[in-house]
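Undergrad: Each chain is listed here by its residues.
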Amino acid sequence: MNRLSRFNIVSLVFGFAFLYIPILLLVIYSFNASRLVTVWGGFSTRWYVSLFQNQQLIDAAWVTFRVAFLSASVATVLGTLAAIALTRYTRFHGRILFTGMVFAPLVMPEVITGLSLLLLFVAIGLERGFMTITLAHITFSMCFVAVVVQSRLLSFDRSLEEAAQDLGATPARTFFSVTLPVILPAIVAGWMLAFTLSLDDLVIASFTSGPGATTLPMRIYSQVRLGVTPEINAVSTILIGVVGVGVIIASLVNKRRDVQRRRDEQVAAQG
Amino acid sequence: MKSLGSIRRSFAPWADPNAKPFIAFENVTKRFGDFTAVDNLTLHVYEREFFALLGASGCGKSTLLRMLAGFEEPSSGRILLDGQDLAGIPPYRRPVNMMFQSYALFPHMTVEKNIAFGLKQDGMPRAEIEKRVAEMLKLVKLEQFARRKPHQLSGGQRQRVALARSVAKRPKVLLLDEPLGALDKKLREETQFELMDLQQQLGLTFMVVTHDQEEAMTMADRIAIMDKGEVMQVATPAEVYEAPASRFVADFVGSVNIFEGRIAGRADGGVEIATPDGITIRADDSSAAGEGTVWYAVRPEKIRISSQKPDNPALNAIEGEVWDIGYLGDMTVYNVKLAGGQVVRSSELNSQRTTHDPITWNDRAWLTFPADAGVVLTR
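In order, the protein sequence lines correspond to chains L and Y. Going by my numbering, the first sequence opens with residue 274, and the numbers climb by one from there. Going by my numbering, the second sequence opens with residue 44, and the numbers climb by one from there.
Hints were generated in silico from the structure; no laboratory data involved. Quick caveat, the model's predicted, so the values are computed rather than measured. Be aware that a few hints might be false.
Claimed, not checked - Facing chain L, a subset of chain Y residues (Cβ under 8 Å, in silico):
(1) 114
(2) 134
(3) 135
(4) 140
(5) 143
(6) 147
(7) 149
(8) 150
(9) 161
(10) 165
(11) 194
(12) 195
(13) 197
Said to hold, decoys possible - Straight line, CA to CA, 30 Å or less: simulated DSBU-like cross-link-like pairs of lysine-lysine:
(14) 215/Y to 192/Y
(15) 228/Y to 345/Y
(16) 528/L to 192/Y
(17) 181/Y to 156/Y
(18) 528/L to 156/Y
(19) 192/Y to 174/Y
To be verified - A short list of chain Y residues far from chain L (calculated; beta carbon distances all over 10 Å):
(20) 67
(21) 174
(22) 380
Ideal Cβ placement from N, Cα and C applies to all residues, glycine included.
Chain L extracted, bound-state conformation (with noise of 0.2 Å):
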């Protein structure tokens, strides 16, 4: 193995510092006695009761989950059909449209989704809130969805199918029992994709949120406007240490599939 130069030693060093520090700060800070963010006034955890009894912020976070919890997975089902009918049938008419527009809103500016959206509930007079929220995050989300399942169904082996239907499943049993069983961690995977992106979304929500719905994120954001209280920061790291743990539990389960799998392959070719 190559050992580090000096010179990746300092890039590495700066390259972590400058996208942990912040963090690192925030998180010391949701420590802090003082009611200044960038006072230190000695430890103590009164920001994180404060926070259990800040109603508010609890509501846009129950608010936030809802709306990520049924959007990614209205948005997964849609995602995956999006996806099926991108790879299988491929010479339906308007393919090209088709594809085109499931894919547009990975490049669409929030600022115009968020707008277009906001535009076509008016116009149809839709009542903005927690429902307008949950549709246009569906919207958004679903394209992401069906970019990570289409690039696992073109890499699956058709034969699998068909092998299916030749032993007496008919098309409708094929896809339950096999080429859903078979697609599925990318679809989970789609479909935790599409969870983060609506719970840490601002912008949309901004747009399409109406009187008692407020996400988390709008309700930090708004906040801060009115002064950063430690507060904030406590609420911050419970985030930052939701995600982290369920970044390491994910990466743990996926290297000792890793390792299993990479065991099992050797036995097999050595019995």
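With chain L held as given, fit chain Y onto it using these hints.
TA: Just chain Y, lined up with the frame of chain L:
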């Protein structure tokens, strides 16, 4: 069980004019856009036959198999199975099963579940499924691997799971697409005989697609040799090898020497062929007639090589110069260049460990073969 040889010798339904074909392709054509994969093909396969479709890639053999399985519909013509027209019947309702080249094992299911998959689709009671799966596992000797997933198996074991899964439903016909293609040479040879035993045990009709002529020769009762969507010859392995119908077949199966010429005369039930290089070959084959060009095809192992001209005037004898020698262990191959520039191949079986009369590079040598050693071809 009777020995394979004795069953095989007596098994020849294709020679019986009253026998009904089990699978019949009748004037079947399949086009993909401008490309014609199968061209007006008629082919009959009989019950319990081990039938091989042999050809280079792209000759239409796999398309033929896929049409029988129901994954492709013929553009014209019809396919009958046991008298029933298969047109419009989807793959999941056809009484045929297929073993895929990639095996197509379901990666998320154990070996047991893979084998049980087809039985479950038929709504077979669970106890019966378990019994049949156990039977199949025993048949392919994988009892202790029942709970493993496909990625935990070696290539040979995967192949056997695929086989067990495809015969579990007791199909009328088993289709095998390059069944041994992914195995290494030694395993392939063993598995050939296992497949033959299995076919005899189960009494099924097997239709196998392969590009490997040795595989087809070893396993099949009859071989159909295909080229560009057409069948060139359908015959037993021995007939294909010893009595090929055309230069294409002669050249495709094994190696062959071909002399081009015209019929110059007839003598005691045979013909004399004169080549442009001034060689005259006597052939015990009076079927060929006419004025056109004919070809005399003779296999290398039918040609003897010696340093002296043989005394027997009844033999064909051609003189040449030894150009190349290939020592293969069990046999030695000599490439001999004739005066006209044609290179003729002769192979000698090394039945003794040493020889007293070694022939070496650049020696003058005589190639001899009897009049019945080869066949006269007109196409």
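Undergrad: Among all the numbered hints in the text so far, which are the ones the structure does not match?
TA: Checked against the structure, no hint fails, so every one of them is satisfied.
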